[in-house]
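Student: Residue-level listing of the chains:
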Amino acid sequence: MTDTSLSGKARRDFIKAALATGGVLTLAPGLMLLTTGAGGEAAAADGKPAVDPKKRWGMLIDTTKCTDDCDKCVSACKEENGWQAEDGSLTDVQWIRKVNVKDPATGFAMSLPVMCQHCANPPCVDVCPTGASMQRVDGIVRVDMHICIGCRYCMMACPYKARSFVHEDIPEERKKPHAPMGKGCVTSCDMCAHRVDVGQIPACVEACDKGAMMFGDLNDPNAGISKRLAEIPTYEIRADLGLDLGVRYTRLP
Amino acid sequence: MKRIHYSLLEGRAGYYAALLVLGAIIGTGLLAFWYMEHYGHIVTGMTNQIVWGMPHVFAVFLIVAASGVLNVASIGSVFDRKAYKPLSRLSAVMAAAVLAGGLMILVLDLGRPDRLIVAMTYYNFKSIFAWNMILYNGFFAVVLLYLFVQMSRSFAVQKYKKHAGMAAFLWRLILTTGTGSIFGWLVARQGYDLAVFAPMFIAMSFSFGLAIFLLLMMALYRAVGRPLGHGLVNRLGRLLGVFVAVAAYFVAVAHLTNLYAPEHQAYEKFILAGGNIYTWLLWGGFGLIGTALPLFLLFSNAARRSFAPVAWASLLVILGGLALMYVIIIGGQAFPLVMFPGKEVSSGFVDGVINSYTPSLPEIALGLAGAALAVAITVFAARVLPILPRSLADDDVDPHLARAADVVELKKAA
Chain A
1 MTDTSLSGKA
11 RRDFIKAALA
21 TGGVLTLAPG
31 LMLLTTGAGG
41 EAAAADGKPA
51 VDPKKRWGML
61 IDTTKCTDDC
71 DKCVSACKEE
81 NGWQAEDGSL
91 TDVQWIRKVN
101 VKDPATGFAM
111 SLPVMCQHCA
121 NPPCVDVCPT
131 GASMQRVDGI
141 VRVDMHICIG
151 CRYCMMACPY
161 KARSFVHEDI
171 PEERKKPHAP
181 MGKGCVTSCD
191 MCAHRVDVGQ
201 IPACVEACDK
211 GAMMFGDLND
221 PNAGISKRLA
231 EIPTYEIRAD
241 LGLDLGVRYT
251 RLP
Chain B
1001 MKRIHYSLLE
1011 GRAGYYAALL
1021 VLGAIIGTGL
1031 LAFWYMEHYG
1041 HIVTGMTNQI
1051 VWGMPHVFAV
1061 FLIVAASGVL
1071 NVASIGSVFD
1081 RKAYKPLSRL
1091 SAVMAAAVLA
1101 GGLMILVLDL
1111 GRPDRLIVAM
1121 TYYNFKSIFA
1131 WNMILYNGFF
1141 AVVLLYLFVQ
1151 MSRSFAVQKY
1161 KKHAGMAAFL
1171 WRLILTTGTG
1181 SIFGWLVARQ
1191 GYDLAVFAPM
1201 FIAMSFSFGL
1211 AIFLLLMMAL
1221 YRAVGRPLGH
1231 GLVNRLGRLL
1241 GVFVAVAAYF
1251 VAVAHLTNLY
1261 APEHQAYEKF
1271 ILAGGNIYTW
1281 LLWGGFGLIG
1291 TALPLFLLFS
1301 NAARRSFAPV
1311 AWASLLVILG
1321 GLALMYVIII
1331 GGQAFPLVMF
1341 PGKEVSSGFV
1351 DGVINSYTPS
1361 LPEIALGLAG
1371 AALAVAITVF
1381 AARVLPILPR
1391 SLADDDVDPH
1401 LARAADVVEL
1411 KKAA
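Going down the list, the sequences are from chains A and B.
Under the numbering used here, the first residue of the first sequence is numbered 1, with each subsequent residue one higher.
Under the numbering used here, the first residue of the second sequence is numbered 1001, with each subsequent residue one higher.
If you're looking for bench data, these hints aren't it; they were derived computationally from the structure.
Treat the hints with care, as some may be off.
Below, simulated BS3-like cross-link-like pairs (lysine-lysine); rule was C-alpha separation at most 30 Å, straight line [as the list claims (entries may be wrong)]:
id, chain 1, residue 1, chain 2, residue 2
1, A, K102, B, K1269
2, B, K1126, A, K183
3, B, K1126, A, K55
One-sided and incomplete, this derived list gives chain A residues near chain B with beta-carbon spacing under 8 Å [as the list claims (entries may be wrong)]:
id, residue
4, D87
5, K98
6, P123
7, G131
8, C158
9, H167
10, C185
11, P253
For each residue, glycine too, the CB sits at the ideal point set by N, CA and C.
Use the sequences and the hints to build the structure in full.
Tutor: Rendered as structure tokens:
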């Protein structure tokens, strides 16, 4: 009896799943993928969502500790995600770069890392015609390589020059399965989502030995990053655009 | 008014020679596409700073112009101007052809043109780009429906001509609003982020579209020696003059708006007085060649007696339009993104510098192929569909236009 009952339930589940899948595939293939994108990634094996909508991942960069001769965050990102960029290259992929800023009126100069700012209101996501440029429910902004058509409109829209177009084939030995970069598609920092999803911190934060980079859940008042943000004034690059950035800096020129 | 008779485009050797030349240009463009697709965009002049290059200059120019080409039909059916009615069929066909040429370039310049089906099936409805894809496809549908209504022999269908014309006219206004907004809604860049871009693009479309229509119509009629009235060409030429002036007005308003805001003054200084390619193209290309000279030609007395001033003016408007498009698209990206207003910026990712761009041959070949496709489709359509009136002599088109001395055949004029 038990066996029969189980197989009956299994059969019903199968039929439900088949109908649901068939329905979605037949009626709205676009909707299905968009839904997955909006809801985050596929459910983990234990049934819990791999991406927690209650979280909003973010970074705090203490620019008072960041020196212009250090680019360990950049090197770590290259190593972790398999990109290389010659200094001054116009076509190489870049996920993070050190920017030197000087106030011509006062002579004050500083250096800071700039990467995707993981906006809460990302212009790249708004303009993407296919929905390839997407935002996970935990705030991470990334590109779905499967539906990016390489139109580059997101690059036109990004105020931070955070995105790169893959101009040529990436050599096999550099390719990382967690950071696919297909020729003809756009790519950018995804806050090391593959590491974050398994409880690790992004490679750049881990590599910073000056303690200039903090990573954590901005929605958790008990997280170290939230406590620090509550203590000191922090700033967003081009805050005037109202994009509500996931990356904040302790000091900007 | 006399009944308008339409007939298929005549000629044999000339027709096939034209298609052969156009086919060769299209073929070269397709080879260029294959080359860029095979090696990646690394072989083009485009970079991570100038992400939209020469193909976009051609593509956006043609897409904008396409809706302007349709205006001739709209003036006939929506605004009930008698003289324009015989041109409605050609106008509709040419509009669809020019849009097809522009879209071909746009699609073949994608990083992943093989994913066109993705672009057609996955829509982010918040994206103005996605809306444009719907508007482009809709434009084909609306224009073809309009053409069908015009060409139908059934009165039951014909009586909806004005409605179809109105639908096409409204659609084209929305379409160009969408195209302008692709740039106008880019909040991050100094050269864009302007609401006036939408009406500016509409004005540009009126001007570029009518110039293309006039040039192609005159070329077709001259090639096959059909009668073409000076009164008609002169009237269309004067209308072109008005459109040219309106387009220049909107371009001036866009720059003046930017000039007034200190945050955009550095950009305007770069474009208007930078002494660079964009400065030359804006003042010399668009201002002088694309606006002042055509206005002089179109309103000259010579334009009443000869086709040459209108033909030259149309050509100059097209060249000036391409120059303006280059300034808008490439110039807007060449100016560095302002992340820290008022500060000096440098990095290994060329922050804070004027971005350079040199168009590559494959990019230009692809752009020209789109233009050639537009002409080829028009010529082919004229061969298989009765869209060309047998005579566009003034007294056949509109008695008010007729001036005995002006009714000449192009052959004689030549």
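Student: Could you run down the list of hints and mark each one as holding or not?
Tutor: Status of each hint after checking the structure:
Of the supplied pair hints, the one linking K102 (chain A) and K1269 (chain B) holds, its CA atoms being roughly 21 Å apart against a limit of 30 Å. Only pairs whose Cα atoms come within 30 Å are accepted, and K1126 (chain B) paired with K183 (chain A) is accepted, the gap being roughly 26 Å. With a C-alpha separation of about 24 Å, the suggested pair K1126 (chain B) and K55 (chain A) falls inside the 30 Å cut-off, and the hint holds. This hint holds: D87 (chain A) has a C-beta 4 Å from the nearest C-beta of chain B, less than the 8 Å allowed.
At about 6 Å, the closest approach between the beta carbon of K98 (chain A) and any beta carbon in chain B falls short of 8 Å, and the interface hint on this residue holds. Interface restraint check: P123 (chain A) against chain B, minimum CB-CB distance 6 Å, threshold 8 Å, status holds. For G131 (chain A), the interface hint holds, since its Cβ comes within 8 Å of a Cβ in chain B; the closest pair sits about 4 Å apart. Restraint check, C158 (chain A) versus chain B: the minimum CB separation of about 7 Å is within 8 Å; hint holds.
With a least beta-carbon distance of about 4 Å to chain B, the hint placing H167 (chain A) at the interface is held under the 8 Å criterion. The criterion of a C-beta within 8 Å of any C-beta in chain B is met by C185 (chain A), whose closest approach is roughly 6 Å, and the hint holds. With a cut of 8 Å, the hint placing P253 (chain A) at the interface with chain B holds, because the nearest CB-to-CB distance is about 5 Å.
No hint from the list above goes unmet by this structure.
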